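The residues making up each chain are set out below.
Protein chains: 2
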Amino acid sequence: MLSFFTIITSINLFGQDDKNDDAFFIRSIYDKALTEGKCYDWLTHLTTKIGGRLAGSPQAAAAVEYTRQMLDTIGLDSVWLQPCLVPHWVRGDKEKVRIVNSKSMGSMNLNALALGNSVGTPKGGLTAEVIEVKSLDEVVRLGHENIKGKIVFYNRPMDPKQIRTFNAYGGAVDQRVFGASKAALFGAVAVLVRSMTTRLDDFPHTGVLVYDDKIEKIPALAISTNDSELLSNLLKKEPIQVFMESNCRKLADVQSYNVIGEIKGREFPEEIILVGGHLDSWDVGSGAHDDGAGCVHAMDVLQLLKRLSYQPKRTIRCVLFMNEENGLVGGLEYAKVSNEKNEFHLAAIESDAGGFTPRGFSCDGEDAIFTEKFKKVITWLPLLEAYDLSLSKGGSGADISPLKSQNGLLFGFRPDSQRYFDYHHTILDTIDAVNKRELELGAASITSLVYLIDKYGL
Amino acid sequence: MLSFFTIITSINLFGQDDKNDDAFFIRSIYDKALTEGKCYDWLTHLTTKIGGRLAGSPQAAAAVEYTRQMLDTIGLDSVWLQPCLVPHWVRGDKEKVRIVNSKSMGSMNLNALALGNSVGTPKGGLTAEVIEVKSLDEVVRLGHENIKGKIVFYNRPMDPKQIRTFNAYGGAVDQRVFGASKAALFGAVAVLVRSMTTRLDDFPHTGVLVYDDKIEKIPALAISTNDSELLSNLLKKEPIQVFMESNCRKLADVQSYNVIGEIKGREFPEEIILVGGHLDSWDVGSGAHDDGAGCVHAMDVLQLLKRLSYQPKRTIRCVLFMNEENGLVGGLEYAKVSNEKNEFHLAAIESDAGGFTPRGFSCDGEDAIFTEKFKKVITWLPLLEAYDLSLSKGGSGADISPLKSQNGLLFGFRPDSQRYFDYHHTILDTIDAVNKRELELGAASITSLVYLIDKYGL
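From first to last, the protein sequence lines are chains A and B. So in my numbering, spot 152 of the first sequence is number 152, and the numbers just go up one at a time. So in my numbering, spot 125 of the second sequence is number 125, and the numbers just go up one at a time.
Simulated from the structure, these hints should not be mistaken for laboratory data. These numbers were taken from a predicted model, which means no experiment stands behind them. If a hint is listed, it holds; no wrong ones were tucked in.
The list cannot tell twin chains apart, which means a pair is met if one copy fits it or any two copies do.
Straight-line distance between alpha carbons at most 20 Å, and here's what the computed EDC-like set of lysine to aspartate or glutamate pairs gives:
{"#": "1", "residue 1": "K161", "residue 2": "D21"}
{"#": "2", "residue 1": "K161", "residue 2": "D41"}
{"#": "3", "residue 1": "K404", "residue 2": "D367"}
{"#": "4", "residue 1": "K38", "residue 2": "D159"}
Starting from the given sequences, assemble the full structure and let the hints guide the process.
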């Protein structure tokens with residue numbers, strides 16, 4: 001007969017063994033990722049053979065087909081495409097933005113990119129005086145009398161003092177997203193926006209704008225931070241007129257797809273653990289960090305688990321969402337279909353912050369269930385800290401956010417953020433900006449979290 | 001009269017205030033570093049106007065003069081040069097390494113760099129058969145009969161499974177440092193070494209070798225990892241002869257200097273807190289991460305404290321050491337002089353792991369004093385964790401290691417290590433490989449640690 005002492009000891013030993021098993025398996029995940037990870041090769045193909053893949057573009061279709069084929073090579077239980085009808089915005093000819101009347105500088109071209117969803121200028125372009133503002137509120141304060149007929153130039157920089165650059169982005173991006181309609185409300189003819197980066201350089205950053213449908217749509221373009229500084233300095237000295245021309249426009253919606261693959265769970269197949277990123281990117285650059293990295297992370301999670309002959313208790317599903325950048329159609333459609341099928345996502349993890357060295361995960365969920373479930377997650381921290389990973393409360397990812405109502409936990413993969421906005425939405429977001437080891441460590445980190453959720457539930 | 005409860009409350013409040021003061025001051029350090037840090041501008045000058053600065057070279061002299069002048073602009077209490085006589089090794093003409101007899105490949109040049117301190121080949125070069133080994137021990141096992149007259153090719157890769165790349169480096173670099181003399185002991189005529197990086201590319205990595213003076217000195221060159229793979233594959237199929245030529249050599253020692261600046265302490269001027277890096281670099285590339293970053297970090301610590309009008313209790317001293325790469329003369333001389341003067345270094349912090357995003361500090365010290373002092377350091381962790389910094393036991397830096405016997409604590413600044421060996425000792429170690437924010441965050445991290453040591457002692 002077992003004494004009380006023996007029972008206690010056994011329990012402790014069992015706990016210890018389990019912990020050792022976990023440490024051992026997570027170590028094997030990292031070993032595999034750093035030696036037989038596929039993410040870097042996949043990302044190289046996606047970025048150099050396919051390139052930028054804005055929703056509705058032929059490249060987006062190629063990316064759907066390529067990733068479907070790659071998922072097919074892994075030996076999953078099923079791989080399928082989920083239809084979604086996506087918007088199709090095209091940039092058209094290279095944008096022109098030019099200072100035309102400076103006494104000190106003469107005529108001078110500015111480095112510019114039309115914002116996503118923007119309407120084009122009238123044919124032949126437009127020329128108007130520029131007025132600089134630092135916020136949407138300032139436009140309201142200046143009102144019709146100062147704004148009417150002008151080009152509003154939004155020039156509030158991202159705050160360099162923020163340690164995490166996404167906070168700096170969050171503090172400035174309202175100008176890009178809502179600036180056009182706000183300016184149009186007071187009679188502006190167009191908008192220029194300082195590019196979203198803390199760096200001073202010559203590369204304009206595109207990104208989505210959202211029009212208020214009740215207000216006239218005016219063209220909106222980003223200019224580089226160096227050109228923003230220059231324009232601002234000129235405006236301190238003299239009135240400046242700018243010529244701009246762009247024939248960007250929206251075409252008819254296009255049939256596209258979310259790309260999905262999964263390994264069916266042995267014990268609780270109805271409990272889904274989703275890993276995902278978004279397959280579309282902007283048209284400039286090749287969407288290496290945003291969000292090719294997230295897609296190949298998610299794909300490599302399944303590849304690594306298969307290579308390790310891991311048989312999950314729960315269903316592990318990889319989803320590559322379409323049209324995150326300018327519509328979120330893929331994410332919304334995925335959640336809609338999932339709810340219709342009464343699916344339950346125990347957890348969803350999105351990687352959409354780049355392929356840099358992992359720093360941890362943020363975690364989100366409905367108030368009613370969050371505290372209890374997060375308590376469990378926190379018990380895994382020692383296993384993750386061994387790989388320099390932290391856990392915090394915070395947002396997850398745009399594509400998976402509609403799944404929150406299923407009462408699982410949502411996670412955002414959080415890599416180091418310092419370099420992200422050097423590349424984000426520019427021609428610089430290419431494979432050259434991605435370090436192979438950093439990318440592989442991301443895949444290993446996410447796989448480790450998936451393993452723990454699968455083994456212990458939430 | 002104060003009640004017991006009031007006293008307790010007051011003490012708690014005082015503690016809380018102090019903690020708030022610290023959090024506030026550290027926040028102001030980060031704000032300053034990210035908006036008025038000088039480190040990136042200094043590093044840009046050091047790398048683009050001066051370049052690679054191997055000890056004894058004219059560029060090293062220029063770097064001494066430039067950094068002295070820059071320290072002079074900060075408003076320190078004193079700036080001086082500390083003489084040290086350094087070795088002067090020169091690379092000479094571009095090295096030639098060529099496969100000469102491959103049936104499958106014909107004649108083919110390999111990307112090579114002589115190792116630092118290597119002797120040159122005989123005039124006109126040498127040609128010999130290549131034998132591949134994976135370790136120094138394998139050379140011993142193979143012995144005279146297999147090694148004599150041959151070129152020994154050390155080809156054990158850095159282990160990609162190590163999470164921290166410095167561990168992978170530590171596990172492979174014996175081949176580069178000691179491989180030549182070990183091979184010569186068994187009659188080899190020269191040595192080729194696989195470059196020290198986990199990456200597969202075409203860039204050879206130089207670095208120091210150390211000869212055993214009792215053994216004949218034979219030439220040693222690094223070849224790129226791609227060429228190492230190629231050579232290894234050829235050797236599986238056929239005997240390979242390689243021609244190599246290099247006229248690298250040692251010249252007479254040269255007078256050089258450590259560059260030093262300090263702010264005198266108000267209360268305990270005899271307690272020195274040192275921050276440092278090494279000013280010399282290899283001749284290829286421009287020593288941006290190794291160790292220009294460390295130098296401008298150390299300089300910026302003083303600059304930021306001055307800008308913040310901080311008046312230290314203890315003496316804060318910046319030391320830019322000469323000749324870390326191929327002799328450590330500067331570090332040894334600094335410690336010798338310091339001991340002669342009966343100085344006491346309460347703490348010394350070295351930044352010599354690159355200008356990447358900070359991850360924390362490792363801490364070292366004599367056994368007799370370490371545990372007690374480190375306990376105190378650990379109490380500061382919450383203040384540092386707010387900036388994603390950790391503290392661990394571990395080595396510090398080569399230049400400051402001779403100060404250990406003064407019974408203070410030694411710290412190594414630990415930035416993210418994933419990209420370091422992409423650039424280390426190659427032509428790629430340039431300012432383009434440095435991210436401004438990552439570099440500035442390093443300066444802020446080190447300044448924060450200096451502030452805490454200064455305020456609370458050890």
